[in-house]
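Novice: Protein chains in written order, with our numbering: chain W, 1 to 162; chain B, 163 to 444.
Keep in mind that the hints were calculated from the coordinates and are not lab data. Note that this is a predicted model, so its numbers are computed, not measured. Just so you know, even glycine gets a beta-carbon here, dropped at the ideal spot from N, CA and C. Don't take every hint at face value.
As the list claims (entries may be wrong) - Beyond 10 Å from chain B on every Cβ pair, some chain W residues (computed):
hint, residue
1, Gly39
2, Val89
3, Asn152
As the list claims (entries may be wrong) - Label-pair distances were calculated between CB atoms; the ranges are:
hint, chain 1, residue 1, chain 2, residue 2, range
4, B, Arg251, W, Pro83, 35 to 41 Å
5, B, Ala345, W, Thr88, 33 to 39 Å
6, B, Ser211, W, Ala19, 20 to 26 Å
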Amino acid sequence: MNEPLVQIAMTVDGAPLSARVRPRYLLSDFLRERAGAPGVHVACGHGVCGACTIVVDGVAVRACLMLAVQADGATVQTIASLPVLEGTVTEGTGLTPLQQAFRDHHALQCGYCTPGLLVSSAKFLAAHRAPTRAQILDHLNGHLCRCSGYANIIAAIESVLQ
Amino acid sequence: MKPAAFRYTRPGSVVEAVDLLVTNGSAARLLAGGQSLMPMMVRRLERPSLIIDINRIAGLDAIEVLPTDIRMGALVRQEQALWSTVVRREVPGLAAALAWVANPVIRQRGTVVGNLATNGPAAELPAVALALGAKFIVRHADGEDILPAPALLGARERTLAHAMITHVLWPRRPAAAGFYEVARRDGHVPVVSSLVTLDGGDCRVALSGVCRNGLSCPSMARAIARRFPGLPAIAELADALRDDLTGPVYSDTYSSARYRLEVAPVVSQRAARLMTSRIGPV
Chain W
1 MNEPLVQIAM TVDGAPLSAR VRPRYLLSDF LRERAGAPGV HVACGHGVCG
51 ACTIVVDGVA VRACLMLAVQ ADGATVQTIA SLPVLEGTVT EGTGLTPLQQ
101 AFRDHHALQC GYCTPGLLVS SAKFLAAHRA PTRAQILDHL NGHLCRCSGY
151 ANIIAAIESV LQ
Chain B
163 MKPAAFRYTR PGSVVEAVDL LVTNGSAARL LAGGQSLMPM MVRRLERPSL
213 IIDINRIAGL DAIEVLPTDI RMGALVRQEQ ALWSTVVRRE VPGLAAALAW
263 VANPVIRQRG TVVGNLATNG PAAELPAVAL ALGAKFIVRH ADGEDILPAP
313 ALLGARERTL AHAMITHVLW PRRPAAAGFY EVARRDGHVP VVSSLVTLDG
363 GDCRVALSGV CRNGLSCPSM ARAIARRFPG LPAIAELADA LRDDLTGPVY
413 SDTYSSARYR LEVAPVVSQR AARLMTSRIG PV
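Starting from the given sequences, assemble the full structure and let the hints guide the process.
Specialist: Right, here's the structure in full:
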């Protein structure tokens, strides 16, 4: 099939970017291969695991369920924008509060799911100042972690609330 | 996997989108939230040759209060509807069901209308739309129709090839609502889900995952209303369910028809318990 290329432009982690892409090019692949954002982790590739979660125009989305052409004109934030999403970093370590909490609570092992978890948790905590445990679990439903058993991830998120 | 090749268009108006649908027929698919369509395209279960991205059509993202209905445009996201105070007050059954759909990130992108149009056999919302008497505003080349939910969600799995659902209308009906489901994993498509709502003597029950399409269950609803504020026994609900079945019981690789029939009355009783616990003690 004839696949005409489409001209797109977007801002990725603060840097403007333009490219010509095939319509079927997934935003997740575009960010990794063409936008210098390898922190967008692709695991399942069809919206189940949450590893590729990013923020597009202020909303957390699965990068693998969006086409690159759909992000034309958008502001995209990946894990590299976490300090911006959380609005603060700890002096000395340079870690954000969520990163520090994940580290303190051993909330990761292999770390593949972590960028997506951190990005969507940052958005979740910005939207819910005092989430219930049920809300935290609903939020974590969107993320698969094969190493941690989730207990430490829940503990890390709850520690940031205190 | 990655999607097969397609052409991409981004119409600026409903008229333009409908023109594209008419010209391209069933080879074209509308893309709204993409949370069902994109996974199917990635696995190549869907191979449209034209994607019509409706996300930038203005005016389709509103939840409006009409005299008898709540009108939702095709770009109203599930999370937006879930947290809408209007929806919680006027269509509480929809809000109760939405809380069980996927997870917040998917719901922020996925639309209510898109979920209905996809009409998955076990999906929560098509059954809810049937039981609550939702209607669709459908735009085609010659104008606009208002179709009742069974016209789109009853017989077939996929909707119209040459027309676009621009809005869904939910009858305004403040009521008590309870929703429950069993799923193989929280946030996944349920095996069986049940919604129970009660407004005075008017009880509605919606079941998903039992027949090929969502089921409205007037018999089970009568059993629940009759026992209120108590609860009918599982066996009584199982008897009522047999009267409500409209076709063969659905099965898939993981859950047999027998299991679905056995679990549906249990799930419905739990939904009824959640509903009554919001009105008063059982």
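Novice: Now look at each hint and say whether the structure bears it out.
Specialist: Status of each hint after checking the structure:
1. Gly39: holds, 17 Å
2. Val89: Its Cβ never comes within 10 Å of chain B, the nearest being 24 Å, so this holds.
3. Asn152: holds, 19 Å
4. B/Arg251 / W/Pro83: 35 to 41 Å: holds, 40 Å
5. B/Ala345 / W/Thr88: 33 to 39 Å: holds, 37 Å
6. B/Ser211 / W/Ala19: 20 to 26 Å: About 23 Å separates the Cβ atoms of serine 211 of chain B and alanine 19 of chain W, which means 20 to 26 Å holds.
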